[in-house]
Amino acid sequence: MSKKMPLYCPSCTLPLEVTSLECTDCATRVNGKFPLPLLVSLPQEDQTFIIEFVKRSGSLKEMAKHLGLSYPSVRNKLDEIIQKINALETGQK
Amino acid sequence: MLKQLFSDKRSIYNPFVYVAGETALIAGLLIMVLTAWLGYLNNTWQDGILDMHYGPEGSFPTHLLMTLGNWLSAVIILAPLAFILTGSKIRLVDIAGTLALARFPMLIAVLTSFSEAPKVFSNYLLYQYLEKGEPVNISNLQIIVAVLILILVLLMIVWMVVLMYNAYKFSANIKGNKAGISFTIGFLAAYIISKVISVVIFNNNQIFNITLIT
Chain A
1 MSKKMPLYCP SCTLPLEVTS LECTDCATRV NGKFPLPLLV SLPQEDQTFI IEFVKRSGSL
61 KEMAKHLGLS YPSVRNKLDE IIQKINALET GQK
Chain B
1 MLKQLFSDKR SIYNPFVYVA GETALIAGLL IMVLTAWLGY LNNTWQDGIL DMHYGPEGSF
61 PTHLLMTLGN WLSAVIILAP LAFILTGSKI RLVDIAGTLA LARFPMLIAV LTSFSEAPKV
121 FSNYLLYQYL EKGEPVNISN LQIIVAVLIL ILVLLMIVWM VVLMYNAYKF SANIKGNKAG
181 ISFTIGFLAA YIISKVISVV IFNNNQIFNI TLIT
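Listed in order, the protein sequences are those of chains A and B.
Quick note: the first sequence uses this note's numbering, first residue 1, plus one each step.
Quick note: the second sequence uses this note's numbering, first residue 1, plus one each step.
Wrong hints could be hidden among the right ones.
Said to hold, decoys possible - In silico BS3-like pairs for lysine-lysine, Cα to Cα no more than 30 Å straight-line:
| hint | chain 1 | residue 1 | chain 2 | residue 2 |
| --- | --- | --- | --- | --- |
| 1 | A | 77 | B | 3 |
| 2 | A | 77 | A | 65 |
| 3 | B | 89 | A | 65 |
| 4 | B | 3 | A | 65 |
| 5 | A | 55 | A | 65 |
| 6 | A | 77 | B | 119 |
| 7 | B | 3 | A | 61 |
| 8 | A | 84 | B | 175 |
| 9 | A | 77 | B | 195 |
| 10 | B | 178 | B | 195 |
| 11 | A | 84 | B | 9 |
| 12 | A | 65 | A | 4 |
| 13 | A | 77 | B | 9 |
| 14 | B | 175 | A | 61 |
| 15 | A | 4 | A | 33 |
| 16 | B | 3 | A | 55 |
| 17 | B | 9 | B | 178 |
| 18 | A | 3 | A | 77 |
| 19 | A | 84 | B | 178 |
| 20 | B | 195 | A | 84 |
| 21 | B | 178 | A | 61 |
| 22 | B | 9 | A | 61 |
| 23 | B | 119 | B | 175 |
Treat the hints as calculated values from the structure; they're not laboratory data.
Remember, it's a predicted structure, so these values are computed and weren't measured experimentally.
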């Protein structure tokens, strides 16, 4: 089962931050307060879309072909993600 | 794409999730040519975006010109509106293509005109209530068939308007009240233009080198 990274506090619903990172090889641990990268803050579905979109050199036509959707469907999805990114950026400032 | 189109129930009112652009344009143009040809065969005129009337015999180019005129009047009004109101990078081919495909219900509506029942029923009503024409003998079955066809045609027209609205809204990525209000205004303007085109074609059939056979 793939684990889903929690983005918001289950208690007060505010955004969570990374406080500890560990080397997978030597187990060296770094502690601090690291805000989550913007892309990680997006839902998994949107992250997958962005990765697939970049892999297709940012071609909406190729993306439409890959997803079996029409060009406007893919463009509307991209517009939606842009809106979410703008909202996240505004929230981060 | 086709498998998804036919397996998704939402395709009935918004097939544009799967089909748009050049594919929708080609399919839409073929549908319009076929609709015009059927109209030519059974003397059914699409004299306006929402209209379908029985009329005199006319040539196939007249029917085709009128059918394409209906689609073009929607495109020339709704496309500029979409470009003004959208905040997205939209394409003209998506608006034109989806609006062309949205005319599919008219193909079914024109097919019903091969039945004699609505014509007989209409002549019966004209004679019975307006005392026009000659006495008409009509059976109960013919009345039932005529009413059922009338309901079907009305449903097809409603379906077409829903498809046109979704074509505009989805291709232009305009949402909410902005989509509803702009479509209503654009649709009314397009309807007026389509009626003007129909009248111009009928009145100037000689200029268009089109023969109306009366």
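Going down the list of hints, with the structure as the test:
{"no.": "1", "hint": "A:77 to B:3", "verdict": "holds (21 Å)"}
{"no.": "2", "hint": "A:77 to A:65", "verdict": "holds (14 Å)"}
{"no.": "3", "hint": "B:89 to A:65", "verdict": "holds (19 Å)"}
{"no.": "4", "hint": "B:3 to A:65", "verdict": "holds (13 Å)"}
{"no.": "5", "hint": "A:55 to A:65", "verdict": "holds (13 Å)"}
{"no.": "6", "hint": "A:77 to B:119", "verdict": "violated (48 Å)"}
{"no.": "7", "hint": "B:3 to A:61", "verdict": "holds (19 Å)"}
{"no.": "8", "hint": "A:84 to B:175", "verdict": "holds (16 Å)"}
{"no.": "9", "hint": "A:77 to B:195", "verdict": "violated (37 Å)"}
{"no.": "10", "hint": "B:178 to B:195", "verdict": "holds (26 Å)"}
{"no.": "11", "hint": "A:84 to B:9", "verdict": "holds (28 Å)"}
{"no.": "12", "hint": "A:65 to A:4", "verdict": "holds (28 Å)"}
{"no.": "13", "hint": "A:77 to B:9", "verdict": "holds (20 Å)"}
{"no.": "14", "hint": "B:175 to A:61", "verdict": "holds (23 Å)"}
{"no.": "15", "hint": "A:4 to A:33", "verdict": "holds (20 Å)"}
{"no.": "16", "hint": "B:3 to A:55", "verdict": "holds (25 Å)"}
{"no.": "17", "hint": "B:9 to B:178", "verdict": "holds (26 Å)"}
{"no.": "18", "hint": "A:3 to A:77", "verdict": "holds (25 Å)"}
{"no.": "19", "hint": "A:84 to B:178", "verdict": "holds (21 Å)"}
{"no.": "20", "hint": "B:195 to A:84", "verdict": "violated (44 Å)"}
{"no.": "21", "hint": "B:178 to A:61", "verdict": "holds (27 Å)"}
{"no.": "22", "hint": "B:9 to A:61", "verdict": "holds (24 Å)"}
{"no.": "23", "hint": "B:119 to B:175", "verdict": "violated (42 Å)"}
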